[in-house]
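**Q** So you can see what is in the structure, the chains are spelled out below.
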Amino acid sequence: MINLFYISTEIFLSLSILILLLIGVFKNKSELFIYNFTCIILLVGLAININLNPQFPIDLFNNSYKIDYFTTLIKSVILISAFLVMLCSLNYVKQNDILKIEYPILILSSILGMLVMVSSNDLIVFYVGLELQSLALYVLAAFKRDNILSSESGLKYFILSALSSGLLLYGCSLIYGFSSSTNFDLIYQNSESIEYGIIFGIVFILVGLAFKITAVPFHMWAPDVYDGSPTSVTVIFAILPKIAALTVFINFLYGPFLEMFDQWQAVIIFLSIGSMVFGAVAAIGQKKLKRLIAYSSISHMGFALAGLSVGTNEGIQNSIIYLMIYLIMNIAFFCCLFMLKRENQYFDKVEDLSGLSKNHPLLSLSLMIILFSLAGIPPLAGFFAKFYIFTAVIEQSMYFLAIVGLLSTVIAAFYYIRLIKVMYFDEQKEKYDLNHSIGLKMILVISSTIILIYFINPNIINNFVLDISLI
Amino acid sequence: MNFPIISSLILLPSIGALFLFFINSKNITSIKYVSLFVSIINFLISIYLWLIFDQSSYEFQFVESRVWIKDFINYKVGVDGISILFIILTTFITPLCILSVNSSIKNRLKEFLIAILLMETLMIGVFCSLDLVIFYLFFEGGLIPMFLIIGIWGGERRVYSAFKFFLFTLLGSVLMLIAVISIYWIAGTTDVEELYKLGIDPKYQNLLWLAFFSSFAVKTPMWPVHTWLPDAHVEAPTAGSVLLAAILLKMAGYGFIRFSIGLFPVASEFFVPFIFVISLIAIIYTSLVALMQDDMKKLIAYSSVAHMGFVTLGLFTFTQQGVEGGIFQMISHGIVSAALFFSVGVVYDRTYSRRINDYGGLVNVMPKYSILLMVFTLGSLGLPGTTGFIGEFLILMGTFKKSFLVAAIASLGVILGAAYMLWLYKRVVFGELTNQKLLKIIDLNKVELSILTLLALSIIFFGFYPDPFSNTYSVSVENLINEYNDKLNNYNLQNQ
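For the record, the sequence lines run as chains A and B.
Following this note's numbering, the numbering of the first sequence begins with 14 at its first residue and continues without gaps.
Following this note's numbering, the numbering of the second sequence begins with 594 at its first residue and continues without gaps.
Take every hint as true, because none was put in to throw you off.
Derived lysine to any residue pairs resembling SDA-like cross-links, with alpha carbons at most 20 Å apart:
1) A/371 to A/441
2) A/454 to B/614
3) B/757 to A/294
4) B/796 to B/863
5) A/371 to B/748
Examples of chain A residues lying across from chain B (beta carbon under 8 Å, computed):
6) 390
7) 407
8) 416
9) 420
10) 430
11) 434
12) 472
Note that these hints are calculated values from the structure, not bench results.
Heads up, the beta-carbon is just placed ideally off N, CA and C, and yes, glycines get one too.
Required output: the full structure, derived from the provided sequences and hints.
**A** See below:
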């Protein structure tokens, strides 16, 4: 019985999905009820998860599933951000006619998949979690099915993602073949002598994962899918799968493949530099905010990967701080997008921000704080995120990576301040609606305040990651 | 000293800004009075700090240190004889900027004053931070308010100028960030006092020096990365130009003293010829460029580059006179350039033109203005009896000790400086009153008169009696140079 107690979060989520499905089938017009109920389920799941917090690592199911401080932290982050995402996108979902019973249930199942991914200690369990997550997301991307862009993005995401899953699975099979196990601990033990088969396997797995976090050169799908999907789904894409996939990166690299650090480090550095530079350069010409944020998130993932390429505990901890600050900034950014609404129509072009500061001073003030923070200007939170990463990178004397990264922030600063210019220096346009839900306003105010005053006491967020030690 | 006087100096303007944020923006009078009140209180605190400051000690005083990021960085601030003068300069100029907004800022006054007050916090923070990371935070944080000041309230080409300012300075300082982090891993701390004691391994010094230099050179600004300055100055509103010229440029000069010379003596010595060459180019070349300008603000901007060339020249002579001259020149330039930009602002608010050719014969209609502008012009070109003279004289004296040739060429810059300033004065103030618009122009009002008189008096007073400044910094400068020579001798002994 003790085994089941430790996965009560996952069990709770699965039961909730089933119950919600039953309610949805038997009760008419239960969409809104299910949506709200899902928010509550996420909160309860969060409470259960925090309550579990084990003092020492626990292995379950023949050592194929592990629960420790790290996984619990990441799961909590996933659940919190899922809750915030659901809360801030409610009005959007209602007004865009995508509030169907499946919508919240699909989100819940993809979250369940992420939780399984994060905790997995076995290739097969990991793959099951990944597929559960991805399949739900394919449907979500195409959820606005009468819209041609949305359908296109769903199809595109499905085909490319299936390809990457195939590569990943092939990598898994190679690793199984050469280390004769699917269990992470056994792979670690069996792969002490470095064999080419295992290295190939690692590369295939990394390619598959890089696809999920949109690292260059596996990023091509991101701008189209971000742009085509409904904004409420884009915000999920921008945050949740990245947390999960980056955690899996950490689990893989610093778990079974730790011994092969020299082999995979070059791959990660390549992905990191590519993403940082490409994300910064390609975003300059974008005219749509969702495409722009897609490139911006490519670039941010490059920074998070830079932290992982270091090979120290500090690097991992700093990557996770980076991820947390990134998700706060992104949720806040999407809150601003949800507020650009006039007569039930949502706007997402750069020019729609024109002169925003005259009509909506507070909204544009928070958006300005968010954008400066995304650009990494001190003393905002985004600066510290980058600062920690480069502290870890320079500790290992990887100056090239640090210099390229910081120069790319200068390039990236250009398009962020271009948005600020549009908001503050350009002529004003028509006003947007002001009737936003309280949840949306609260999330925006709280997250931009966190970004603004993070520097007063950075330890509050940093303390979460201090206990993580994987090496 | 239990009361955290430095932190309150840093925080007070921000608290004032927060207070302004909650005042209704239509209530213009109370907005002005609150911000003026806050900045004057801050000035009084800084004067009090100066009075209780122990001038006979070179140690950092009023040091506050507390844990900030656990096991990593401490929040540490304090002042010595050099930094306290820059703090006073900051707190002195800021209230004048706030006074001057009356006529020049028409829209979004509240936001403008919030930006000015935030700027004050950041600038004071730069001058008293004793930790490299804290210094970097304040140094870079200034980008945000200044970008907005130029971009929102600037002239026609404000967007271009704001972008250029932002990207140039950001590009310069990211390398400094890498150097700061590297110092942390090389020396194990970013605490400046500790680093002075420990010293930094000479084999890393050259690269670290270059990284710091890239940031300070853009901010100073030194030739050839000075091109953002004329644009930023020209397009910024009067108060913005004043802040830029009077204080922001000094952050880099201060950085040279505190970090480049203090932390990297071996590298500083190594790069002296390089600094001398680009300082001389800055002095001669930008003076010549200034001669050709037909925009008043641009002319003063180029003269700033030339004056800062003198400053870097003086600092890198490593002689008592040279360094003291560099510091004095920075303070003098802070007051004089602020006064000049205010003066340009005065006529710009009346005619909306900065072109020199649109003026002429102002002495007939604005006698008070013409007298005051005369004082500032003479201060800028370094007439004996003004602050400008003392700075330039000391710098040239220090330079003569090092190299006759360099000093001789730099002296040419003094002549050129006199040429462009006097020519500017002649074209604006004397001559025929040809432009019909100027006939109806009104002389200075009370606020403008009091701002400009205050500045003119301080230029003349400290020109005749520089002791209050020189007494404050002389011990610290002496210590700086002794430390510098000791470290250099040690290094040379080890290498023999």
